[in-house]
Amino acid sequence: MGIADGLGEGFSVALDPTNILYVFIGVLIGTVIGVLPGLGPTATIALLLPLTYELEPVTSVILLAGIYYGSMYGGTITSVLLQLPGEAASVVTTFDGYQMAKQGRAGPALGIAAVGSFIGGTLAVVGLILLAPPLADLAVEFGAQEYVALTAFGILLVTYLGTKHPVKALCMAALGLFLATIGQDAITGTGRFTFDQVELFDGLDFVAVAMGLFGVGEILYNLEKTEKAEQIKSRIKNIWPTRKDFRDSSGAIARGSVLGFFLGVLPGGGGVISSLASYGMEKRRAKDPSRFGKGAIEGVAGPETANNASSTSAFVPLLTLGIPPNVVLALIYGALLINGVQVGPQLIDTNPEIFWGVIASMFIGNLMLLALNIPLVGVFVQLLRVRAGILAAFALLITMVGVFSVNNDVFDMWVVLVFGVLGWLMKKTGFEPGPLVLAFVLGAILETNFRRAMLTSDGQFDTFFTRPLSGTIFGLMALVIVYSTVMGIRRQRSGRPPALYADQLDAAAPHETVPGSESEGTAGVAATDGGNRDGPPPAGGGSTRAEP
Amino acid sequence: MRPIRRTAPALVAASVLVLAACGDDEGGSSGGGGEAADYPTDDINLYVPYAAGGPTDLAARTIASCMEEEFGQTVIVENREGASGSIGMQAMLAEDPDGYTLSIIAVPATATNPLQDEVGYTNEDYIPIAAVTEIPSVLAVGADSEFADAEAFFAEAEENPGSLNVGVPGTTTSQAMELQRMAEEYDTELTLVPFTGNAEMTTALLGGNVDAVFINSSQDVLTQIEAGDFVPLAVSTPEAVDYIDAPPLAEVGFPELTNSVSVFGLAAPAETPDDVVSTLEDTVSTCLGNPETVEQLGEQYVPDEFIGTDAFQDRIAEIVEVYGPIIEN
Chain A
1 MGIADGLGEG
11 FSVALDPTNI
21 LYVFIGVLIG
31 TVIGVLPGLG
41 PTATIALLLP
51 LTYELEPVTS
61 VILLAGIYYG
71 SMYGGTITSV
81 LLQLPGEAAS
91 VVTTFDGYQM
101 AKQGRAGPAL
111 GIAAVGSFIG
121 GTLAVVGLIL
131 LAPPLADLAV
141 EFGAQEYVAL
151 TAFGILLVTY
161 LGTKHPVKAL
171 CMAALGLFLA
181 TIGQDAITGT
191 GRFTFDQVEL
201 FDGLDFVAVA
211 MGLFGVGEIL
221 YNLEKTEKAE
231 QIKSRIKNIW
241 PTRKDFRDSS
251 GAIARGSVLG
261 FFLGVLPGGG
271 GVISSLASYG
281 MEKRRAKDPS
291 RFGKGAIEGV
301 AGPETANNAS
311 STSAFVPLLT
321 LGIPPNVVLA
331 LIYGALLING
341 VQVGPQLIDT
351 NPEIFWGVIA
361 SMFIGNLMLL
371 ALNIPLVGVF
381 VQLLRVRAGI
391 LAAFALLITM
401 VGVFSVNNDV
411 FDMWVVLVFG
421 VLGWLMKKTG
431 FEPGPLVLAF
441 VLGAILETNF
451 RRAMLTSDGQ
461 FDTFFTRPLS
471 GTIFGLMALV
481 IVYSTVMGIR
491 RQRSGRPPAL
501 YADQLDAAAP
511 HETVPGSESE
521 GTAGVAATDG
531 GNRDGPPPAG
541 GGSTRAEP
Chain B
1 MRPIRRTAPA
11 LVAASVLVLA
21 ACGDDEGGSS
31 GGGGEAADYP
41 TDDINLYVPY
51 AAGGPTDLAA
61 RTIASCMEEE
71 FGQTVIVENR
81 EGASGSIGMQ
91 AMLAEDPDGY
101 TLSIIAVPAT
111 ATNPLQDEVG
121 YTNEDYIPIA
131 AVTEIPSVLA
141 VGADSEFADA
151 EAFFAEAEEN
161 PGSLNVGVPG
171 TTTSQAMELQ
181 RMAEEYDTEL
191 TLVPFTGNAE
201 MTTALLGGNV
211 DAVFINSSQD
221 VLTQIEAGDF
231 VPLAVSTPEA
241 VDYIDAPPLA
251 EVGFPELTNS
261 VSVFGLAAPA
271 ETPDDVVSTL
281 EDTVSTCLGN
291 PETVEQLGEQ
301 YVPDEFIGTD
311 AFQDRIAEIV
321 EVYGPIIEN
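Protein chains in written order, with my numbering: chain A, 1 to 548; chain B, 1 to 329.
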């Protein structure tokens, strides 16, 4: 199917009244939860996952994708107005966006973010259209070895990128891999860790685990916080940026689109990394870097464009390889599996309505977001008045009803509660659930393919290195490990934090505290702990480790 | 355990009778003894122990809509997937054996599960009512395979044991067990590579990552064959079928390998009254004579000769006999 035919079919799916309604609901929910600190896209999608069981597969992806990129828009609003990132990827926007607001330029900051997000999102959809079908054709050739290489690479990157503590992330990834082994062995059919419980024969249900760790864990964690939503003091006027603003940001938007697109495709990439990378890039390119952190509009335009572009391009590996590159996409993968859709290289051929329908809905969704955001900023900000306790009670109710509805199984409700408590404890102790859940999903793919590779190669390990593609990927992995080890040692000598990007965060925000550099799904809650937002950095807050 | 299992449903049945005698107005309990002529007087629950959208689900929903018309009662189809179908089976057996709770079974899996693990039911706990569809397996290679027919393929397998990789839908499926028998009883050894489901196997064959697949010949596979992307070498039925152009395994040197045929049918708890079972059996038979139902099920998959309770029971007994020893190993 050519691109024109595909898009034609896609729009006929996306313009179906039901799907238009769901893309609208999706972007609206996305914007709302983007505004509300605490509930990020991951938690929301995890909570709503079971509800998609009743929907057509394409409609459920349209809805969940809308929430994802919608939250990228919504997160901007509170970042700019209150220096309170609604979700993790908007942390960077606080650096310059809030400064702009203090200078009375909140309107243009929000305006340029919306325009940039729109352009970034749209360009990324175009990239997705151009890149995905050839990649899927290539992916048909992928054998077990290539899947082993890709999933191992994914787990490696997830533990390095976007996490504050690689060692803790590695522990969580290991736990995720272990949990993935529960259930019937995919090759021999033997039960593992099932304790003769029929409920465990198929392993733990991914939906229940994700809902517990992200949804319930997040809710519990937030309940401990006493948040005071500040009233908006000044009215927002002149939302449309000036011609000069556009001139200043056009380069940043163009670069942010490209950068965001490619970082989104990478496993472990996605919102936070891409907005950080874009901010870093703009600052390096600027003639006068000292303007950054004091209200430079490029510092808002670039990152906001990039995080939106990455949230779209993250669909590339999922729709072509069946490998989710980050946690949000892992949840969308789960939604497709609940609906009985086999995700893999064949998806574009066997379910063109899903691939093209989702793409077309992204064009529509981005347009809706542009229309929603510019005039309605004031309305969304009022959402911050909703009390967290009320929200939490509703969310928990939806969770429990929802997870039961997937398999009609009370056992899954217990799984949610157990993992909810675990997720809460993990958050309190600085362990992130992201690597765990992604390793849990990728672990099953990794293991079966590893063993298939062993079966077909008569147990020869060199099969992983002699096949050109898997050999290349393993080579890349070796490079990443060597590079990060060397950098880690050098950093340790100079007494700086070992995590990738942590230094960039430091460099990026010399004047302000960095409230949180968590990966997708931890949703900027860290931003709410410090009570005094205008004052000096709260002690111990943020990603900067105490200097020795 | 066994005596308890057997008495518990009997107690339930007895209490149902008592309740019915007391004039309990619950519709579902009116089916005791001679009153079965009225059956059904209430909604029927039909469990599908597999995921929505699959071939079992299609069979269930199609037969359910025909039964609704025949009975004038609602048939509620509910997917209770998990543990290779055991969860759905348990769900059915947990209800009263009054004909108002039925389940789809997928033989051989339904019959082999309890041989393999403690899955909460045995083959004596349920009674098969009638087969709805029958899907044979097909051994197929890719379009650019060096093997043009079954002879060439098996000649290579005999010459270099284990050199050919064949994708199967899972280790405990009839396809895998049939190929295991091929190695044990006919000295023809293939390397089995288990996948989950047709989509994965299709990708693996198209990408040249396995030499062949031994796969359920459901509609998607027939489409691949029609398009010329899959070349069928042999089918698993005792006799040739008219919609796949390949000889039966039984005719290319493996006379005993005729059991890898998936039969999807209706089943009830073992204690269900006989007249209820025969009412259901007759209804399925009527439905399978209905051209619309047959078209929805896929004409090629509807058994040419109706498989009722007795024939279905025999089939299950045969599977237990043939696969039992393999599983116990």
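Since the hints were derived computationally from the structure, they do not count as laboratory data.
A couple of the hints might just be wrong.
Said to hold, decoys possible - Part of the chain A face toward chain B, derived, beta carbon under 8 Å: (1) GLU141; (2) ALA144; (3) PHE195; (4) VAL198; (5) GLY340; (6) GLN342; (7) PRO345; (8) ALA371; (9) ASN407; (10) MET454; (11) THR456; (12) GLY459; (13) ASP462; (14) THR466; (15) GLY471; (16) THR472.
What the hints assert, rightly or not - Across the chosen pairs, the derived CB separations fall in these ranges: (17) A:THR466 with B:GLY253: 31 to 37 Å; (18) B:ALA143 with A:LEU476: 46 to 52 Å; (19) B:ILE76 with A:VAL482: 46 to 52 Å; (20) A:LEU138 with B:GLY72: 50 to 56 Å; (21) A:GLY104 with B:THR196: 55 to 61 Å; (22) B:GLU158 with A:GLN197: 40 to 46 Å.
All of these numbers come straight from a predicted model, not from anything done at the bench.
The beta-carbon is built from N, C-alpha and C at its ideal position, and this holds for glycine as well.
Consistency of the hints with the structure:
1. GLU141: holds, 5 Å
2. ALA144: This interface hint holds because 7 Å falls under the 8 Å limit.
3. PHE195: Cβ of PHE195 of chain A sits 11 Å from chain B, so the hint is violated.
4. VAL198: Constraint on VAL198 of chain A satisfied, holds at 5 Å.
5. GLY340: Holds, because the Cβ-Cβ distance from GLY340 of chain A to chain B comes to roughly 3 Å (cut-off 8 Å).
6. GLN342: holds, 3 Å
7. PRO345: holds, 6 Å
8. ALA371: violated, 36 Å
9. ASN407: holds, 7 Å
10. MET454: violated, 10 Å
11. THR456: holds, 5 Å
12. GLY459: violated, 11 Å
13. ASP462: violated, 17 Å
14. THR466: THR466 of chain A check fails; min Cβ-Cβ to chain B is 15 Å, beyond 8 Å.
15. GLY471: Violated, about 16 Å.
16. THR472: violated, 17 Å
17. A:THR466 with B:GLY253: 31 to 37 Å: Given about 35 Å between the Cβ atoms, the range holds.
18. B:ALA143 with A:LEU476: 46 to 52 Å: Hint violated: Cβ distance 33 Å, outside 46 to 52 Å.
19. B:ILE76 with A:VAL482: 46 to 52 Å: For VAL482 of chain A against ILE76 of chain B, whose Cβ atoms are near 60 Å apart, the range 46 to 52 Å is violated.
20. A:LEU138 with B:GLY72: 50 to 56 Å: holds, 55 Å
21. A:GLY104 with B:THR196: 55 to 61 Å: holds, 59 Å
22. B:GLU158 with A:GLN197: 40 to 46 Å: holds, 43 Å
Of the hints listed earlier, those the structure fails to meet are numbers 3, 8, 10, 12, 13, 14, 15, 16, 18, 19, in rising order.
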